[in-house]
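If you want the building blocks of each chain, they are given just below.
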Amino acid sequence: MSRPNGWEVVIGLETHVQLSTRSKIFSGASTVFGAEPNRQACAVDMALPGVLPVMNAAAVDKAITFGLAIGAHIAPRSIFARKNYFYPDLPKGYQISQFEIPVVQGGTITIQVGEGEKAYAKNVELTRAHLEEDAGKSLHEDFHGMSGIDLNRAGTPLLEIVTEPVMTSSAEAVAYARALHALVMWIGICDGNMQEGSFRCDANVSVRRPGEPLGTRREIKNLNSFRFLQQAIDCEIRWQIEQVEDGHSIQQATVLFDPDSGETRMMRSKEEAHDYRYFPDPDLPPLVIEPARIEQVRATMPELPAAMQARFGADFGLSAYDAAQLTASLGTARYFESVVAAAGAAQAKAAANWVMGEVAARLNREEKSIADSPVSPQQLAGVLARVADSTISNNIARKVFEALWNGEGESADAVIEAQGLKQVTDASAIEPIIDEVLAANPQSVAEFKAGKEKAFNALVGQVMKASRGKASPAQVNELLRKKLGG
Amino acid sequence: MPLSPDDVRKVARLARLAIAENEIAPTLDTLNRTLGLIDQMGGMDTAGVEPMAHAQDVSLRLRPDAVTEPDRRDALMANAPAAERGLFLVPKVIE
Chain E
1 MSRPNGWEVV IGLETHVQLS TRSKIFSGAS TVFGAEPNRQ ACAVDMALPG VLPVMNAAAV
61 DKAITFGLAI GAHIAPRSIF ARKNYFYPDL PKGYQISQFE IPVVQGGTIT IQVGEGEKAY
121 AKNVELTRAH LEEDAGKSLH EDFHGMSGID LNRAGTPLLE IVTEPVMTSS AEAVAYARAL
181 HALVMWIGIC DGNMQEGSFR CDANVSVRRP GEPLGTRREI KNLNSFRFLQ QAIDCEIRWQ
241 IEQVEDGHSI QQATVLFDPD SGETRMMRSK EEAHDYRYFP DPDLPPLVIE PARIEQVRAT
301 MPELPAAMQA RFGADFGLSA YDAAQLTASL GTARYFESVV AAAGAAQAKA AANWVMGEVA
361 ARLNREEKSI ADSPVSPQQL AGVLARVADS TISNNIARKV FEALWNGEGE SADAVIEAQG
421 LKQVTDASAI EPIIDEVLAA NPQSVAEFKA GKEKAFNALV GQVMKASRGK ASPAQVNELL
481 RKKLGG
Chain X
1 MPLSPDDVRK VARLARLAIA ENEIAPTLDT LNRTLGLIDQ MGGMDTAGVE PMAHAQDVSL
61 RLRPDAVTEP DRRDALMANA PAAERGLFLV PKVIE
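Line by line, the protein sequences are chains E and X.
All the letters of the first sequence, read from the start, carry residue numbers 1 to 486 under the numbering used here.
All the letters of the second sequence, read from the start, carry residue numbers 1 to 95 under the numbering used here.
For the record, the hints were derived by calculation from the structure and aren't laboratory data.
Being a predicted model, the structure only gives us computed values, none of them experimental.
One or more hints might be untrue.
[What the hints assert, rightly or not] Some residues of chain X that are not near chain E, with every Cβ distance over 10 Å (derived):
(1) Ala12
(2) Ala18
(3) Pro26
(4) Thr27
(5) Leu28
(6) Leu31
(7) Thr34
[What the hints assert, rightly or not] Pairs of lysine to aspartate or glutamate, EDC-like flavour, derived with a Cα cap of 20 Å:
(8) X/Lys92 to E/Glu141
(9) X/Lys92 to E/Glu478
(10) E/Lys137 to X/Asp74
(11) X/Lys92 to E/Asp89
(12) E/Lys92 to X/Glu69
(13) E/Lys452 to E/Glu478
Think of the CB as a built atom: it goes at the ideal place given N, C-alpha and C, for glycine as much as any other residue.
Same shape as in the complex, but just chain E (with noise of 0.2 Å):
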């Protein structure tokens, strides 16, 4: 809990989670993003008279499925409702949402927040979950002193799903962001693309001292990545506590964020603020969702993340910090799994190391998904199986598995064939190099035998070196304390 000067901070979030259908919530015009303006923007969108709403059942679905997976109640009978306000990139007058009814109500997410030794978890209730439709965009460059309006975003369904105000600092507003984002893109409702609007964070904050009832909050609108999250509830608590300090109080306003002079500005205030005078809408009946259709959707579900790190505890003894690592997003948690169906479970360690180590590292220097990994699981599991039975050491397996990464072998076994990487165990063939390496280390010899243990690693480098890599390091340690008369 943050307490800037004995002041208690309040947050809570409404996130815009586009859902990933193909078609618009009302209409059956296309969803994909990056047409020309105008192309994808039908009749319905455009709100020309005598049109009527049809409802898309692939975005109820995803509305089920994320109440599922958050432990909400999924309503049977919702309602859907007009939010009345004018503005030329909303061409009907109002936005279709869900008001007093919403379809997922309550439910929770658990958030890790912070790292190492003051790292804890909390549990962020949330209040509903509610369908709605997008508007369109206002495009405000020059067009003769006129603005152009662009619909094909208008009609996009839209999740929005909002928290109790249960947080206390920035860091738990984005811990709980992040885990939303994870999780909605592991249910596969919203493809997660920030900076094409798929995920967008209002965030609401007040300040009060411990023991109070709740302060005015401000409303910060539409914060599109984690940093500015970050950056703008930080610079606007500061701002609330030094206009409370300083003998002013909070009006209830909406704000922006301008990340370029880190500072949130006003965008209306409480007096100009709309009143949507919110009614059902009579061109949709009641949205009824029955227990069969929760079981359908249920059944399409993965497993979720909690459980799969659960079970990679349980199962492979992983520690809670690598089952966590391994569920960050579904590909790698699948990765992972085909890596470990492939090696056996007494690989899964190795394979969660090579999976979280070389794997990640690659995948991010290349700014690939995991998806994309031009090493297969089955590959990986191949090296795996050839370090297990001592065909190869570890640092061998990093050479066989920049080779198939480059595609320079179809398995582990082809490389180490063509690439002669096979470990040398044969004493025999090892002693005349660890021979050559006494004879041209006569300083190192004298150090060991001086007692500096040093002195020792330093010739099994050596060693290792001579032999390309192919000696075993345990072999060599043998052998080579054997002629030192260790």
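Dock chain X against chain E, hints included.
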């Protein structure tokens, strides 16, 4: 509770209706009489009755998630008073 002249001004502003000052009083009277009519329903005993959200006892029809609308931008834009580079042009609005 009857509406006040300020309520009429506020609702008119929110609905973007241009109601002149001399029209406020007659509009207020009309609205209050309509609300009075609706108030009669307040006398009904609705204990245990689930609130209605729709006049008909039907549930929402769902359609399969498929793209069925072709690009008809040129035809749909033909009526627009102003358009350029595929965009509808409107008087500049920035909040």
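Please settle this one: X/Pro26 was flagged as non-interface, so is its CB more than 10 Å from every CB on chain E?
holds, 22 Å
Please confirm whether X/Leu28 is truly not at the interface, meaning its C-beta sits more than 10 Å away from all C-beta atoms of chain E.
holds, 18 Å
Holds or violated: X/Lys92 to E/Glu478, with C-alpha atoms at most 20 Å apart:
Roughly 82 Å between the alpha carbons, so the hint for X/Lys92 and E/Glu478 is violated.
Please settle this one: X/Ala12 was flagged as non-interface, so is its CB more than 10 Å from every CB on chain E?
Given that every Cβ of chain E is farther than 10 Å from that of X/Ala12, nearest at about 12 Å, it holds.
Do the alpha carbons of X/Lys92 and E/Asp89 lie within 20 Å of each other, as the hint requires?
holds, 12 Å
Is the hinted pair X/Lys92 and E/Glu141 satisfied, with a Cα-Cα distance of at most 20 Å?
holds, 10 Å
Are E/Lys452 and E/Glu478 close enough, with their CA atoms no more than 20 Å apart?
This hinted pair holds, its Cα atoms lying about 17 Å apart.
Does X/Glu69 lie within 20 Å of E/Lys92 when you go C-alpha to C-alpha?
The hint holds at about 19 Å.
Is X/Thr34 truly not at the interface, in the sense that its beta carbon sits beyond 10 Å from all beta carbons of chain E?
holds, 15 Å
Are all C-beta atoms of chain E more than 10 Å from that of X/Ala18?
Its Cβ never comes within 10 Å of chain E, the nearest being 14 Å, so this holds.
Verdict on X/Thr27 as a residue remote from chain E, using beta-carbon distances over 10 Å:
holds, 17 Å
Grab the minimum beta-carbon distance between X/Leu31 and chain E and tell me whether it stays above 10 Å.
holds, 14 Å
Comparing the model with each numbered hint stated earlier shows that hint 9 is the single one that does not hold.
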